[in-house]
Structures are given as structure tokens and as C-alpha cells.
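**Student:** The opening residue of the sequence shown carries number 0 in numbering that gives the first Met the number 0; numbering runs sequentially from there.
No lab work stands behind these hints, which were simulated from the structure alone. Where is the CB? At the ideal position from N, CA and C, for every residue including glycine. Treat the hints with care, since some could be wrong.
Dumping the calculated DMTMM-like pairs for lysine to aspartate or glutamate here, alpha-carbon to alpha-carbon at most 20 Å [claimed, not checked]:
1. Lys100 x Glu83
2. Lys53 x Asp149
3. Lys110 x Asp149
4. Lys50 x Glu64
5. Lys53 x Glu83
6. Lys110 x Glu83
7. Lys53 x Asp70
8. Lys100 x Asp70
9. Lys100 x Glu111
10. Lys50 x Glu83
11. Lys100 x Glu40
12. Lys50 x Glu88
13. Lys110 x Glu64
14. Lys100 x Glu88
15. Lys100 x Glu45
16. Lys110 x Asp129
17. Lys50 x Asp149
18. Lys50 x Asp152
19. Lys100 x Asp152
Simulated restraints, written as ranges between beta carbons of each label pair [to be verified]:
20. Val121 x Glu64: 25 to 33 Å
21. Pro35 x Glu88: 35 to 43 Å
22. Gly61 x Glu88: 27 to 35 Å
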Amino acid sequence: MPQASTSPAPSPPQALAPPRACRLTCVWAVSQQALPSLAPEARAIEVPGGKATKIGRLHQGGMFEQLLGVDSPYLTCISRSHFELAPHEANSEQLPSFVLKNFSCNPVRVKEGTLSQGGQTVLHPPATIDILGTSYAGEVPVVVISFHLDSADTGVAAPLGEIASVPGSPWPQQPPCCMINCTFV
Numbered sequence: 000m001p002q003a004s005t006s007p008a009p010s011p012p013q014a015l016a017p018p019r020a021c022r023l024t025c026v027w028a029v030s031q032q033a034l035p036s037l038a039p040e041a042r043a044i045e046v047p048g049g050k051a052t053k054i055g056r057l058h059q060g061g062m063f064e065q066l067l068g069v070d071s072p073y074l075t076c077i078s079r080s081h082f083e084l085a086p087h088e089a090n091s092e093q094l095p096s097f098v099l100k101n102f103s104c105n106p107v108r109v110k111e112g113t114l115s116q117g118g119q120t121v122l123h124p125p126a127t128i129d130i131l132g133t134s135y136a137g138e139v140p141v142v143v144i145s146f147h148l149d150s151a152d153t154g155v156a157a158p159l160g161e162i163a164s165v166p167g168s169p170w171p172q173q174p175p176c177c178m179i180n181c182t183f184v
């Protein structure tokens, strides 16, 4: 007669925790006049942990006009679909990570480097994402907007901050309008 097994029954597979949501908050804009008066919510974009989020004038209607000013020449530096944050597999600590893909001909700068159109990289919050434009001469990059990507469960939007200068650029601040030539996409 066969003996009954004394080993415990296998436990059901553990459900994976849903990916954590993040928040993309504008912490600096080249046209600084409007930014300090905006509520933190007006500077923030919620990034769900489980689905791709496109960032650009088409997807965040009116946000970039608020950040830069309605008459700002820098609005042309922000494409309708500038970049995308798509979920990337979580690391061993179950922290969120995203694939950032640049759709715009205006570059995006992250810690890992500058991404040209079609370029992509993996980001692990907290991270900084800068949208760049070029100078009138086409050789000096200018930071148009700087975003901070962080976990949404902190409950606090990133504070306004100082922007790090772009290597080779004399400006962390606003250059004269006549020195900007951004491409409209």
C-alpha cells in the first residue's frame, strides 16, 4: 500500500504587486515667470506603473503653455509627442523602472547621456529628464524644461530647483530669444 505524502501542499503562485506609479514634475523652465505661481499639481504628470505615458503638447494639453508662457518662443521646442515613458521590468527590489524613448528631433538629456530622435534608455526613479533646444547658431544646447521623475507615493511634488548647465552651454538660465532656433515637430 502506498504511503501518504507528508510534504506540505505547494502554495499557489504569488501575484506580482502592481507596478508603482510615478510622477513627472517640472522643476525648471527656461521662461521662469509663470513657474513659481503654478500649483504643484499643474507642474506634474502622473505616470502609471503599468502602461506607457507619452509626454508632449498633444498629450498634456495646455500644460506646456502654462509652464513656458503662452507667447513663449520656446513652445516650438516641445513636440506634440516629445518622449514616452514605458514600463520596464522591475529590478529585484520591485522599484519602478521605465524605458524613455525620444520621439522628437530636439534632444532629451538624462543622467545616462543625451538622446537624439529615436534614442532610448532605461530610467530608475529618482531621475531628471531635460528637454533641450539649440541656439540660433545650432551649436549650443539650451535646457528648455527640466522634469524630475520620482515615485508618486511620496505624496509631494518635487520642489522648484536650479538646473544644471548643459556641457558646452554658457546658459543654465534663459538666453536671449533671438538666440534660439528650435524645430517644430
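**Student:** Each of the hints needs a verdict: does it hold here or not?
**Tutor:** Status of the hints after comparison with the structure:
| no. | hint | result |
| --- | --- | --- |
| 1 | Lys100 x Glu83 | holds, 5 Å |
| 2 | Lys53 x Asp149 | holds, 16 Å |
| 3 | Lys110 x Asp149 | holds, 14 Å |
| 4 | Lys50 x Glu64 | violated, 26 Å |
| 5 | Lys53 x Glu83 | holds, 4 Å |
| 6 | Lys110 x Glu83 | holds, 17 Å |
| 7 | Lys53 x Asp70 | violated, 24 Å |
| 8 | Lys100 x Asp70 | violated, 28 Å |
| 9 | Lys100 x Glu111 | holds, 13 Å |
| 10 | Lys50 x Glu83 | holds, 10 Å |
| 11 | Lys100 x Glu40 | violated, 24 Å |
| 12 | Lys50 x Glu88 | holds, 12 Å |
| 13 | Lys110 x Glu64 | violated, 26 Å |
| 14 | Lys100 x Glu88 | holds, 16 Å |
| 15 | Lys100 x Glu45 | holds, 17 Å |
| 16 | Lys110 x Asp129 | holds, 10 Å |
| 17 | Lys50 x Asp149 | holds, 16 Å |
| 18 | Lys50 x Asp152 | holds, 17 Å |
| 19 | Lys100 x Asp152 | violated, 24 Å |
| 20 | Val121 x Glu64: 25 to 33 Å | holds, 31 Å |
| 21 | Pro35 x Glu88: 35 to 43 Å | holds, 38 Å |
| 22 | Gly61 x Glu88: 27 to 35 Å | holds, 34 Å |
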